[in-house]
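Chains A and B supply the protein sequences, listed in that same order.
Residue 107 in my numbering sits at position 107 of the first sequence; the count goes up by one each step and never skips.
Residue 504 in my numbering sits at position 247 of the second sequence; the count goes up by one each step and never skips.
Keep in mind that a hint or two might mislead.
What the hints assert, rightly or not - Derived contacts from chain B toward chain A, CB cut-off under 8 Å, selection only:
1) Gln304
2) Ala306
3) Leu396
4) Leu432
5) Val450
6) Trp530
Said to hold, decoys possible - Pair by pair, the computed Cβ-Cβ distance ranges are:
7) B/Arg275 - A/Ser158: 38 to 44 Å
8) B/Arg430 - A/Ala177: 49 to 55 Å
9) B/Leu393 - A/Thr125: 53 to 59 Å
10) B/Ile294 - A/Ser131: 51 to 57 Å
11) B/Arg369 - A/Arg244: 43 to 49 Å
Stated by the list, open to error - Lysine to any residue pairs mimicking SDA-like chemistry, simulated, CA-CA at most 20 Å apart:
12) A/Lys147 - B/Pro442
13) A/Lys128 - B/Pro442
14) B/Lys449 - A/Ala64
15) B/Lys449 - A/Tyr126
16) B/Lys449 - A/Pro127
17) A/Lys147 - A/Ala64
18) A/Lys128 - B/Ile433
19) A/Lys147 - A/Leu61
20) B/Lys449 - A/Ser102
21) A/Lys231 - B/Glu524
22) B/Lys518 - B/Arg531
23) A/Lys128 - B/Trp530
24) B/Lys449 - A/Arg123
25) A/Lys128 - B/Ala427
26) A/Lys147 - A/Glu230
27) A/Lys128 - B/Lys518
28) A/Lys128 - A/Pro84
29) B/Lys449 - A/Thr125
30) B/Lys449 - A/Arg107
31) A/Lys128 - B/Thr525
32) A/Lys147 - A/Arg107
Please keep in mind that the hints were generated in silico from the structure rather than gathered at the bench.
No experiment lies behind these values; they were computed from the predicted model shown.
Glycine included, every Cβ here is placed at the ideal spot set by N, Cα and C.
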Amino acid sequence: MDLIANHISHRFGDLAVLDDVSFTVGAGEVVAIVGPSGCGKSTLLSILGGLLQPTSGAPELRGAPPADSLNPLTFVFQDFALLPWATVEENVEFPLLHTPLSAAQRRALAEDALSRTGLTDFRATYPKQLSGGMRQRVGISRALAVKPAILLMDEPLSALDSQTRELLMEDFVRLLADGGMGAVYVTHNLEEAARLADRIVVLSRRPGRIREVVTVPMTRAARGEAAAREKLLALQNQIWSLIRNEAIDAEREVQHA
Amino acid sequence: MLDRAATEAAAKSEATRRVRFRGAGFVPASSRYGGWIALALVIAVWQAAGSAGLVNALFLPTPAAIVRAIYQLAVSGALWQHLSASLLRIGVGWLLGTGAGVVVGFAIGLSRLARSVGITFISALFPIPKIALLPLLILWLGIGEEPKIATIALGVFFSTAISVYSGVDAVPRNLIRMAQSFNVPFATIVRKVIWPGALPAILAGFRITASVALLLVVSAEMIGAQYGIGAFVLQAGNLMQTDQLLAGVVILSVFGLVVGKVIGWLETRLLHWR
Numbered sequence: 001m002d003l004i005a006n007h008i009s010h011r012f013g014d015l016a017v018l019d020d021v022s023f024t025v026g027a028g029e030v031v032a033i034v035g036p037s038g039c040g041k042s043t044l045l046s047i048l049g050g051l052l053q054p055t056s057g058a059p060e061l062r063g064a065p066p067a068d069s070l071n072p073l074t075f076v077f078q079d080f081a082l083l084p085w086a087t088v089e090e091n092v093e094f095p096l097l098h099t100p101l102s103a104a105q106r107r108a109l110a111e112d113a114l115s116r117t118g119l120t121d122f123r124a125t126y127p128k129q130l131s132g133g134m135r136q137r138v139g140i141s142r143a144l145a146v147k148p149a150i151l152l153m154d155e156p157l158s159a160l161d162s163q164t165r166e167l168l169m170e171d172f173v174r175l176l177a178d179g180g181m182g183a184v185y186v187t188h189n190l191e192e193a194a195r196l197a198d199r200i201v202v203l204s205r206r207p208g209r210i211r212e213v214v215t216v217p218m219t220r221a222a223r224g225e226a227a228a229r230e231k232l233l234a235l236q237n238q239i240w241s242l243i244r245n246e247a248i249d250a251e252r253e254v255q256h257a
Numbered sequence: 258m259l260d261r262a263a264t265e266a267a268a269k270s271e272a273t274r275r276v277r278f279r280g281a282g283f284v285p286a287s288s289r290y291g292g293w294i295a296l297a298l299v300i301a302v303w304q305a306a307g308s309a310g311l312v313n314a315l316f317l318p319t320p321a322a323i324v325r326a327i328y329q330l331a332v333s334g335a336l337w338q339h340l341s342a343s344l345l346r347i348g349v350g351w352l353l354g355t356g357a358g359v360v361v362g363f364a365i366g367l368s369r370l371a372r373s374v375g376i377t378f379i380s381a382l383f384p385i386p387k388i389a390l391l392p393l394l395i396l397w398l399g400i401g402e403e404p405k406i407a408t409i410a411l412g413v414f415f416s417t418a419i420s421v422y423s424g425v426d427a428v429p430r431n432l433i434r435m436a437q438s439f440n441v442p443f444a445t446i447v448r449k450v451i452w453p454g455a456l457p458a459i460l461a462g463f464r465i466t467a468s469v470a471l472l473l474v475v476s477a478e479m480i481g482a483q484y485g486i487g488a489f490v491l492q493a494g495n496l497m498q499t500d501q502l503l504a505g506v507v508i509l510s511v512f513g514l515v516v517g518k519v520i521g522w523l524e525t526r527l528l529h530w531r
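Sequences are here, hints too, so could you generate the full structure?
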């Protein structure tokens, strides 16, 4: 199943946030969206996931989702969005409650998702008892439980410390390794984008337009090798040179707002 | 290099002093028994002053006299007669007001139309002292229990509706968006996200409405009732039976404490995740 951004523009009142953004996320493909602060990255993701109505244009799907997918487009949120009154297991089962699955099937799916993120021993724990990294793992488990075709990840690591970020990045690489699941990955962090994405969509400052789409010229598996580091660094520098001046302008704009 | 070594050596030879701790205070923690000890002390001083004849018993009877009055009320059966009348009014009035308040509060919290209409009416009617409506309610509903119960229900309704829609408004929007992103139906979002999210505010509202109900039942009973703690207190006051009057006040205070404890227990049970 492909996800298509079809000439998407959006305004919040008088403020133009996105301007004619079009690209396609192919089945199993990982596309990162980067750009200066306030360029509309998260707004674009909300539109793609059907949580926000664009002013013009539309998000579209092409092809059928996998037969076992319970929620083809599934978000992983920056702030985890966990129900604080529910245990880890209840949080992971939450999106399954309204499905026609039996309690045993729901539990089995939740169990599988928890085991894939190493949370099996924490199933009876409440979110407040977990670290930020563990909370995001719960968010990822919840997303995996519905067997998504495409993960929509809105800066999923930005609220975490650098060590936890590194560990979760390894988890993402592992989860996306077999190409069965695609992702749109919104981030400020060019290193994350370069390590995870097949293609990187670079947005201009507000109103966000596509400045360039950069293809990462190696497989994700190859990116862990020492020889790849220089190439990835060069790629990050290339993208940074595209957005640096606009990032400075955007930062000043935010400070003066 | 030599200069630096000399400076370091001079610094080492100076006496050290501790950095003064400046982080104390602003963390008030109540001791477990402090309140009870203070209460016992006040009662002891009160009793001693009364026993020594320093206070006229007509104006302020001793704690022992109040306890005796309560005992006599209990033995004679009058305590239960008055208490049951008040409890019935509070119970029915509170349940009616709370039920309506929860429904209207949720409607205001979830529906644009209900919000536009509801908030206008609540803003206009909430400030009216509900006891002022009792004569009108007697006119409408007769002189039985109904007007007293309706007064309590009205008083409870507005506070409950406000606390419920404030609670619904305070549910983090990211949780609702998360649920929507999984195509969770509206009813499930209300049941599994909004209700538990609003529950802290709703329970806090219950604390307030319990006090409101107590205040209104006493006022209503003072205006027009034969039985009830309010009627009993008024009657005792008219007869200058201050020990009986204070016995009624103590019973009201105990009732308030019990309700507070019940709500505290509910909070512990239902909000253990906080």
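Here is how each hint holds up against the structure:
Checking glutamine 304 of chain B against chain A by beta carbon gives a least distance of about 47 Å; that is not within 8 Å, so the hint is violated. A distance limit of 8 Å between C-beta atoms decides the matter here; for alanine 306 of chain B the minimum to chain A is near 50 Å, and the interface restraint is violated. Checking leucine 396 of chain B against chain A: minimum C-beta separation of about 46 Å lies over 8 Å; hint violated. Contact between leucine 432 of chain B and chain A, as hinted, is supported at the beta carbon level, the nearest pair being about 6 Å apart and thus within 8 Å.
Look at valine 450 of chain B: its Cβ gets to within about 7 Å of chain A, closer than 8 Å, so that hint holds up. Checking tryptophan 530 of chain B against chain A: minimum C-beta separation of about 4 Å stays under 8 Å; hint holds. Separation of arginine 275 of chain B from serine 158 of chain A is about 40 Å and conforms to the stated range, judged on CB atoms against 38 to 44 Å. Checked against the hint of 49 to 55 Å, the pair arginine 430 of chain B and alanine 177 of chain A fails, with Cβ atoms roughly 34 Å apart.
Checked against the hint of 53 to 59 Å, the pair leucine 393 of chain B and threonine 125 of chain A passes, with Cβ atoms roughly 55 Å apart. Taken as a hint, the range 51 to 57 Å is violated for the pair isoleucine 294 of chain B and serine 131 of chain A, whose Cβ atoms sit roughly 41 Å apart. The hinted range of 43 to 49 Å is satisfied by arginine 369 of chain B and arginine 244 of chain A, whose Cβ atoms lie roughly 45 Å apart. Proposed proximity of lysine 147 of chain A and proline 442 of chain B is supported: the alpha carbons are some 19 Å apart, at most 20 Å.
A distance of roughly 26 Å separates the Cα atoms of lysine 128 of chain A and proline 442 of chain B; the hinted pair therefore is violated under the 20 Å criterion. Of the pairs offered as hints, the one joining lysine 449 of chain B and alanine 64 of chain A is violated, with about 30 Å between alpha carbons and a cut-off of 20 Å exceeded. For the hint linking lysine 449 of chain B to tyrosine 126 of chain A, the alpha-carbon distance of about 16 Å falls within 20 Å, and the restraint holds. This hinted pair checks out: lysine 449 of chain B and proline 127 of chain A have alpha carbons roughly 16 Å apart, not beyond 20 Å.
As the CA atoms of lysine 147 of chain A and alanine 64 of chain A are separated by approximately 14 Å, the hinted pair is consistent with the 20 Å bound. Proximity of lysine 128 of chain A to isoleucine 433 of chain B is assessed by CA-CA distance (about 19 Å); at most 20 Å being required, the pair is judged to hold. Annotation: proposed proximity of lysine 147 of chain A to leucine 61 of chain A holds, straight-line Cα distance about 17 Å (limit 20 Å). About 18 Å separates the Cα atoms of lysine 449 of chain B and serine 102 of chain A, which keeps this hinted pair within 20 Å; it holds.
With a CA separation close to 57 Å, the supplied pair lysine 231 of chain A and glutamate 524 of chain B exceeds the 20 Å bound. Proposed proximity of lysine 518 of chain B and arginine 531 of chain B is supported: the alpha carbons are some 18 Å apart, at most 20 Å. Distance check on the hinted pair: lysine 128 of chain A and tryptophan 530 of chain B sit about 8 Å apart at the alpha-carbon level, within 20 Å; holds. Taken as a hint, the lysine 449 of chain B and arginine 123 of chain A pair is honoured in the structure, with Cα atoms around 19 Å apart against an allowance of 20 Å.
This hinted pair checks out: lysine 128 of chain A and alanine 427 of chain B have alpha carbons roughly 19 Å apart, not beyond 20 Å. Of the supplied pair hints, the one linking lysine 147 of chain A and glutamate 230 of chain A is violated, its CA atoms being roughly 35 Å apart against a limit of 20 Å. With a CA separation close to 26 Å, the supplied pair lysine 128 of chain A and lysine 518 of chain B exceeds the 20 Å bound. A hinted pair counts as satisfied when its Cα atoms are at most 20 Å apart, and lysine 128 of chain A with proline 84 of chain A qualifies at roughly 7 Å.
Distance check on the hinted pair: lysine 449 of chain B and threonine 125 of chain A sit about 18 Å apart at the alpha-carbon level, within 20 Å; holds. Simply put, lysine 449 of chain B and arginine 107 of chain A have alpha-carbon atoms about 18 Å apart, close enough for the 20 Å limit, and the pair holds. About 16 Å separates the Cα atoms of lysine 128 of chain A and threonine 525 of chain B, which keeps this hinted pair within 20 Å; it holds. For the hint linking lysine 147 of chain A to arginine 107 of chain A, the alpha-carbon distance of about 14 Å falls within 20 Å, and the restraint holds.
Checked against the numbered hints given earlier, this structure breaks hints 1, 2, 3, 8, 10, 13, 14, 21, 26, 27; the rest are met.
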